[in-house]
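Going line by line, the protein sequences match chains A and B. In terms of this note's numbering, the first sequence is numbered consecutively and its last residue is 359. In terms of this note's numbering, the second sequence is numbered consecutively and its last residue is 1510.
Treat the hints as calculated values from the structure; they're not laboratory data. Please note: incorrect hints may appear among the correct ones.
[Said to hold, decoys possible] Keeping only pairs whose Cα atoms sit at most 30 Å apart, straight-line, the calculated DSS-like set for lysine-lysine is:
| hint | chain 1 | residue 1 | chain 2 | residue 2 |
| --- | --- | --- | --- | --- |
| 1 | B | K1129 | A | K351 |
| 2 | A | K67 | A | K84 |
| 3 | B | K1458 | A | K139 |
[What the hints assert, rightly or not] A few chain B positions that, by computed beta-carbon distances, are all more than 10 Å from chain A:
| hint | residue |
| --- | --- |
| 4 | G1199 |
| 5 | E1244 |
| 6 | Q1334 |
| 7 | D1384 |
Glycine is no exception: its CB is placed at the ideal position from the N, C-alpha and C atoms.
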Amino acid sequence: MGVTENLVYYWLGISGITSRRANALLSKFSPLELWEKIGTELTNVSAFGEQAFDALIRYRNEDFLLKSIEKLDNMGISFITFDKFPELLAQREVDPPTLLYYKGDISLINSNCIGVVGTRECSLYGKEATYRLVTDLCKYNVTIVSGLAHGIDTYAHRATLKAGGKTIAVLGSGLNCIAPQSNFGLSEEIVGSGGLVITEYLPRKEANRFTFPERNRIISGLSMGVIVVEAGFKSGALITADYACEQNRTLFAVPGNITSASSIGSNRLLCDGAVPALSAEDVCEALNLSFRKIKKNTRSIQLDIFEQKIYNILLSGEKNFDSLVLSAEMAPQKLTALLSLMELKGIVKRKQSNIFCLA
Amino acid sequence: MLAKVKSFGLTGLIGYEVDVEVDVNAGLPGIEMVGLPDAAIRESRERVRSAIKNSAYKFAPNKITINLAPADIKKEGPLYDLPIALAVLAATQQLNAARLQDTVFVGELSLDGSLRRVRGILPIILAAKKAGYKRIVIPYENRNETVFVGGVEVFAFKSLAEAAGYISGQTAATPVPKADGKTITTHVEYAEDMKYVKGQYAAKRALEIAAAGGHNILMLGPPGGGKTMLAKCLPSILPEMTLEEALETTKIHSVAGCLGSDEGLITRRPFRTPHHTASKIALAGGGPSARPGEISVAHNGVLFMDELPEYPRAVLEILRQPLEDRQVTVSRAQRTVSYPANFMLVASMNPCPCGNYGSSHGECTCTPAMIEKYHSRISGPLLDRIDLQIEVENVTYDELICSEEAEDSASVKERVDFARKIQTERYKNTSVYCNAGMSSRMINEYCSLDSDAQSLLKDAFARLDLSARAYTRILKVSRTIADLADSENISAEHIAEAVQYRSLDRGYWK
């Protein structure tokens, strides 16, 4: 069995040379040519760079390469090489790796992706904003990209799964060392839902303080635009924001309370020119995605006299249960049952602390 | 000369007969005590000696042997002072031994000869009655515990001299009068009343349901929301104790030694609030003599655990088995004892470590990971046993100053009593007494849903992020709601209300 082109790409990828160099080499030689001639005819080290040349020579072993692919296969992990990257990811500014490992549906990287990132130490507001934006964005058929970290990232993935959308998780670790561990279940769910979990690191690579910022460039690289939901003064989400700017992606930020510590960074981004992400419509309009919007289901619901009463009260904003009892002048048990029914009809929504609002 | 006196001992709540035998011989003066006495009994020789001397009797300088039969059970507590003293008097012919027959004696002596109160009188009397004894002599201070036990004459004396006088026939004595055995008419006053709780309509309704069905309840809310106040109101809406319940609870309190001297029968449902530093043994019972713990002391009442996640996990886990079996078995090297533990668990907790998560009054400073960790301190199996989970939000100032008085406990209690009556009828010939205790078979039998209710429940599971474990809980709670509404069938409306009492199951904690 001869060496295939695919194997050559894998060889280039696993040797760890930069994609820029790999592309430069491939502009001069065909893949098979490179494989055949390196070390024999191509001995001009300076054309490769010393380290890259050494690495390519070291990994040029057909048996080893085939075995390592087989091992990946056994772990249920697939890989994609730089030649098959979508245009956005392959951009020079992204500085993409030559090889990405993944589980799930790889075709998602060619879909319309929007990054949703934010701090791990998010507030309840951040969670609500994430759910609201992501749920609506899913109606536009976009793929939500995030980093599987605690906080906003987790909520972004969960909200997508709940809305029945597709999501991509970009890991800062190998596929066999998912960090944080508590999100292992979430990663399985993502793959199970037809989503994608992807990383540039070898399966057994543990996450460290450098890998997380590094993978942020892939989050923004995959995406047309990046939404920073909440970011504190020194949040890692700001690194993603920087990458997004460098890579000419549209940067969005969700406005937050000026008193809230977890919104300092995102508010600062707004000052610096990020687009305010007030709604999914705003985001999609800025990205010229509006034509894809799936028609809203506007069936009318017949309300009875009591439901109408509650609806009218809630029109002025959310209310807690006690004030609903007082303003609706209804017995608590009757109101509880009524609110349940309205919740099931999708008219009202219950939040924490017995607060009800219109859905 | 030999003398024998009857007394009783206790293993847990079960009494057993003890023969106190005293033999007085010529020989070197001294007291020998056999029959596995504990330190308190061993020391009784000094109390007995002084008490006899100070009661104007003679304590002869002879060789005295005291045996507590049966010899293979470890005996404990100072309750054998009185029988030993009387046996010594009889053996030294200062008292007519014949008159000691057929009477049970218990009591601790003080050095001046007066009788002191002892623990566990009520179970002892019940055991003596069962063993066929007709007369019992006890310390005066314990007399209130006995008034509800008929069929046995109880004589309560203040001192050894009084007791000896009665035995010898020198002084006449009348037995402690019995209370009317059928009803407990004592009107019970509670410090807290529902009418003082402003607002909190949802929580009050949930408490009513909990009281009506005997459901365990968890209250979740920021500090200062009134969770403790609400919990303290609960005893005031619980149904009155029946005589059997009262006797059982009193028995445990008697053994645990937490019965006041003026307290006869416990007619007020116990409300126990163990601190979160309580140990496993303090809660479940134990120690060398296997004393009852808080969960048994709360028998037929309420066990209130404030700040539930602050309890060590190991302590919380011991609640699981008693919550299921309604009793706890304490095994120690010396003995194995079962205590009833049929309590209603009322727990409260903050939504997060700082307490403000989801609150409209303050900003939460906890990270999602911290909140998850906080919630994970309470295990799933324990949550499984809590039927109602509600959120209690801070009341607003407007509600606080609202002069309109809320419904008082008495009228809530009326509804609760009504619902309980239906349940008593329903579970007539079973070991279950309220909806919370329904077995799977009973749920099938009594919680059948019509198609409307069925489809609503199905909808609720799909749309409200309810977890699977919520299913039977919702059925049980809706059964109680239906009982409160005097409805034989569980309708859609009842289910609709019940699904709102599953706060922790709802997805918004994730």
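Here is how each hint holds up against the structure:
1. B:K1129 <-> A:K351: It is violated: about 59 Å lies between the C-alpha atoms, which goes past 30 Å.
2. A:K67 <-> A:K84: holds (22 Å)
3. B:K1458 <-> A:K139: holds (25 Å)
4. G1199: It is violated; G1199 of chain B is separated from chain A by about 4 Å at its closest Cβ, not greater than 10 Å.
5. E1244: holds (32 Å)
6. Q1334: Label holds. Min Cβ-Cβ 46 Å, cutoff 10 Å.
7. D1384: holds (20 Å)
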